[in-house]
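Undergrad: Read off the chains here:
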Amino acid sequence: METIALIIDNKKISCPPGTSILEAAQQNGIKIPTLCYHPDLKPFGACRLCLVEDENTGRLMASCVTPVAPNMSIRTDSPDIKRHRRNIVRLMMAEHPESCIVCNKGNRCQLRAIAAQLGIGETKLYSMPNYKPLEQANEFIVRDLSKCILCGKCIRADHELVVVGAIDYNHRGFISRPATVHEQPLEKSNCIFCGTCVSLCPTGALSPKTEYYVGTPERESRSVCGFCGVGCSVTMGVVGDQIAEVSPSHVRTSVNGSTLCVRGHFPHEFLKAERLTQPLLRKDGEPAPASWEESLEIVSTRILDIRKQYGPQSVAFIGSSECNNEEAYLFQKIARVLVETNNVDNPRAAYTQAVLRRIDEKTNGRCRKNPLARLENGDAVFILNADPGEMNTVASFYLKRGSRKGVSLVMANPVRTELTAFSSAFLEIRPQSEFELIKGIGALLYEEQATENGCASPEMQQRSLFSDTDLDKVCQAAGVNMDSLKQAANVLRGKKVSVVTGDEIMLAENGAETVNALLELMAMTQSLGKEDTGFYVLAKACNETGAYDMGLLPDALPGRQLLSDDSARKHWEDTWKVRLSPDQGLSAVRMIEEAEKGNLKALYILRENPFEILPDPDRVRKALENLDFMVVQDIFPGELTEMADVVLPGAAFFEKGGSFTNMEGRIQVFEPVVSPPGEARQDWEILGHLTAKLGHSEPYDSVEKIKQEIARVIPMYSEDGRTYGDWIR
Amino acid sequence: MSKIRTQLMLCGGTGCSATSPAVREVFEKELERQGLSEEVQIVETGCNGFCTLGPVMLVQPEGIFYQKIKPKDVPEIVEEHLLKGRPVEKLFYVEPASEETIPTMNEIPFFSHQMLRVMRNKGLIDPEVIDDYIARDGYFGAAKALQEMTPGQIIEEMKISGLRGRGGAGFPTGLKWEFASKSPGDIKYVLCNADEGDPGAFMDRSILEADPHAVLEGMIIAARAINSHKGYIYARTEYPLAIRRLTIAIQQAREYGLLGEDILGTGFDFDIEIYEGAGAFVCGEETALMRSIEGKRGMPRPRPPFPAQKGLWEKPTILNNVETLANVPQIILNGGEWYSGVGTETSKGTKVFALSGDVNNIGLVEVPMGISLRTIVFDIGGGIPNKKEFKAVQLGGPSGGCVPEQHLDIPVDYEEIAKVGAIMGSGGMIVMDENTCMVDMARFFMDFIQDESCGKCTPCREGTRRLLEILNRICEGKGKPGDIEDLEELSSVIKESALCGLGQTGPNPVLSTLRYFRDEYEAHIYEKRCPAKRCVALLKFEIDPDLCSKCGACFRHCPAEAITWKKKDVAVIQKDKCIKCMTCFEKCKFGAIF
Ligand SMILES: Cc1cc2nc3c(=O)[nH]c(=O)nc-3n(C[C@H](O)[C@H](O)[C@H](O)COP(=O)(O)O)c2cc1C
Ligand code: SF4
Ligand code: SF4
Ligand code: SF4
Ligand code: FES
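Chains as they are written, first to last, in the numbering used here: chain A, 1 to 729; chain B, 1 to 594.
Bound conformation, chain A alone:
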């Protein structure tokens, strides 16, 4: 490959053409101060702090925006450069309000850091503060633009990364500032409060609104956001044992880069909510504090007793798609191996997992890894009845960026969403008409293919799904007109197509057919299983994919293997050294029904709320009251914990170690940031203790141990195989 040779600070360097001088220097360990540069943003050249000098020409230039050229001889710290840098920072400081002591940015302020580096104590210029009113009416972001140094990062983040367009420069010159249209407060603009601007702002001009503290958190640790299936990398700032703020961890390999969404960035409500801090045992009809030992003893003996008396089918386990992989694996293992029942489920993600299963079956597991980056760099994306902006906000950023870069979006949705404006074609379809619609689009593309190839090839003839479609009927069923249908097909014509959809397509009776049709569409456009396309299923909860992979289902074993598949079952029987019933266990709905009938006696609910996920709450309540024994392991108190016989306080995602598998199929490992409150414990630890009490010989005394078992026994997760996805730390 072609390289360019140059000298930076007497060091011979070679790098590919197009590299900026700044990057070339950084790659070679030479530090140049910057304020407006950010690797995720397009180079801008505004602050002028990164000035360097070419000794050959004596020219000064901003290194962040100047590409390397052959035979340059760069000095990054000549006397003139230093003098200019110092003056630039002096100018910034002299315009800055004197409020460093009470500034939220604290020691992380880059202006302060650079001033210190350059040895600027006093500016020796009279101060010329540029007062702007403080804006803090909204819940999340405090804007103190008096402290703005106009690096433009917030504006560029808004335009380039999250593609919202809420802010831009206003006015000109000295009084110019980032502002919304008509300088409305943020909450009156189209700001989505993703807070990306806040995490990029080098000064205290933009800061998260927090009640707990001012200044620099005591320490920071990384975790993975647990509020949706994107699985953003976050850095959490801690004061005492309190999470004081969350920011993107700026790891370049992360899903989210420098972005986050409002839920992950500002989880105030979540952090403020009252927590369960102590095991509770029902004594004399009232929940009363108890010790862990006593509580777990009661859980194990009661479950074993009930199983003995009524058989394994009388005990059931409801887990959650918010459980991390280790918990999910252990939970289903307790059910299957120690209680010997397949009555285990994670009901919240049932539809999503149904879609995933369908895809898996149809593609023989070849479509499990769908990096979001392909949405930004591919050809075309077909969005079917899904609202990524709402459900998986950070994934929607990929789509919007893609659209700006020329990826064609075709959207078919019952309602307009934020993405409608980014779409080349939008079809406002009737609810539950997805199948018809795909047939329509497929037929239009199919006709073309068939005629192009003279007559239908054998391969084409096979794709009979689209071959004789009545387009008028399609239009009628979907409630769209022929022109817009044709327009949508035209946009997709000749392109590789990725699909984005959600669990709503399963609401239709022919939901499974819809998934098939989507796969057909991808196959016909030569888009299935390709390097640059993907089939994306939005995931509301953080570990919907992982819960499926871990076998937290009544009819599936870990590794997406069917319980009904004899050889698979045999494999797990050998692995676990037990006999597994081939009979599908109870789904959550059926569990409630059986409880109603009095057949189900004991129910262990981990991090799930049946009232929220099953239709008739009264019926659910009655059924649960009918149980002999109910264990609830959760983090928040509520109606369910009120009813439970035993309440086990668990940990929020940032209080424990483990791994999530996100909607891309990426496995991400995280460590606890803080300890759970009070006597609450990490959930794997609680389950680990229970396995011992239930008679498991090997103790699960570290999360690492569970992780290793998963990697060993689940092929998809095996570290040597690496067929699926690397475990990312």
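Rather than coming from a laboratory, the hints here were simulated on the basis of the structure. Incorrect hints may have been included.
What the hints assert, rightly or not - Below, simulated PhoX-like cross-link-like pairs (lysine-lysine); rule was C-alpha separation at most 25 angstroms, straight line:
no., chain 1, residue 1, chain 2, residue 2
1, B, K296, A, K405
2, B, K310, A, K405
3, B, K495, A, K82
4, B, K296, A, K42
5, A, K188, B, K296
6, A, K705, A, K577
7, B, K587, B, K568
8, B, K478, A, K124
We have chain A already, so just place chain B with the ligands on it with the hints.
TA: Same frame as chain A, now just chain B with the ligands:
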């Protein structure tokens, strides 16, 4: 055959257009009344350049030049001159210095020292009639370029001509075109910069008003040279007349097959659109201008990539100034050699200046390169009014610098002007007399610059504002030791580290006034005195009894009745009544007030 024997070339440029329509109306009536309508034709022309004397009119073919025509003068002109052949002497031009009356245009020094190439059609054609332009060899250059020349030959001819950009930077035009022609790509653009934001500059406006087709023709030739098919003229919204004339010109050129598809049957396609700019000064900067056409905020971006590689919509683009483009047709028609026959070693051809300030003849002048500044100010400009002393001339507007008396003999030449700390610029030329305070002048330009700074880069945004603050303080009598050093230090930072030309040249007025008039700064700071008596805060509003001639002029003009005076007595200002309006300073001919 036409019966027309006389043409009245009445100036309809922006400077004259306040009264010229009224004059024209009376002419029409009078000609009708005298039965001359068939023989005498009234032609409304673009700016003639001699704006101080407007409305002006040239009677062709004799070349009699009338100035300051009022509607009531018209019957006399028609009766005496047009009917009886006796030109009206009282409307002739009078040379201010010699008080000599000069009847014909060619004899007036204002015109005789000029050399009209870009403005050769001014006052001679109706800019709204394409046939007028064609009659004066218009579009012959384009025809030659399209029919007889290869793009390479066009570029070669441009290089030989030595034409350099007239928009300020003086970059060789041929070279710019060559770069763009060599950039790979099917889509390329030709842009014309008609943003003209310098305060006091109106060269481009006048060219567009007087001879819009020359610019279109220049663009067609440029398009051919780089193989572009689409051009934009970025024009200020504040130039409605120019935009109207351009719109008409484009329409007519299309009708004549000179724009659009298959121009002159050569198979070459090119069309031009006008983009009306919102008027920020920085939008004249090339990268900001392109962003603005793209519909974004006009903010400069770093170069490289240069527009010749990645310009408008990331496509190879050339941007040229109005005057630059207006030079092109004649270069192609007469050859690069012809063009470079005039001028100095490095500066060829002519340059248009907008002469303004404290000078007798305010207006637009086109001079050959190499002519001395003194000739422009004193011969063409007619010197300083009111018998005042010349102090300096500001070249290049807010991005430029001042040239004091001792350098007035330097020739108009890019390099020579740069040597004395000014720039050729786009052609603003502001003459200042002895009563100008140079600190105040620098402050005026710095106020403009800091207000027009786009705000993107720190040195320009913060630095120019800071320079203004320091200058304000000095003018307000709050200057302190160290201020001059701060001005110099910050100016060097801004100059060397700002992103675009606006910031890089912004401190020039400060630096050049410091270079030649440092003593004035020092007087302000250390003696709290404004030598030119312009800075109100530094004036005492007292009368020096030794200088007072006891004439009472100040007493008579003071609007606040703050001056007491009796015949044969020294006047006295009562400070409690004085409103510091400066009227007395202007009225006192003896400099007695301080
Ligand atoms: C702040 C700023 C303002 C400018 N304004 C103008 C302008 O109004 N008209 C113009 O022709 N060039 C202007 N220029 C120069 C242009 O950037 C550019 O150099 C010029 O249009 C190129 O044409 P030329 O080579 O024909 O001179 C400006 C430059 C700067 C930095
Ligand atoms: S608010 Fe912060 S990020 Fe935005 S321009 Fe100002 S300093 Fe930069
Ligand atoms: S997109 Fe999902 S994972 Fe990312 S911050 Fe938002 S809630 Fe968390
Ligand atoms: S030099 Fe001034 S006008 Fe140019 S980019 Fe910087 S701030 Fe904007
Ligand atoms: S970091 Fe290069 S200009 Fe700001």
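Undergrad: Work down the list of hints and note, for each, if the structure agrees.
TA: Consistency of the hints with the structure:
1. K296(B) with K405(A): holds (17 angstroms)
2. K310(B) with K405(A): holds (17 angstroms)
3. K495(B) with K82(A): holds (15 angstroms)
4. K296(B) with K42(A): holds (16 angstroms)
5. K188(A) with K296(B): holds (23 angstroms)
6. K705(A) with K577(A): At roughly 18 angstroms apart (the allowed maximum being 25 angstroms), K577(A) and K705(A) satisfy the hint.
7. K587(B) with K568(B): holds (18 angstroms)
8. K478(B) with K124(A): Answer holds: K478(B) to K124(A) is near 16 angstroms, not above 25 angstroms.
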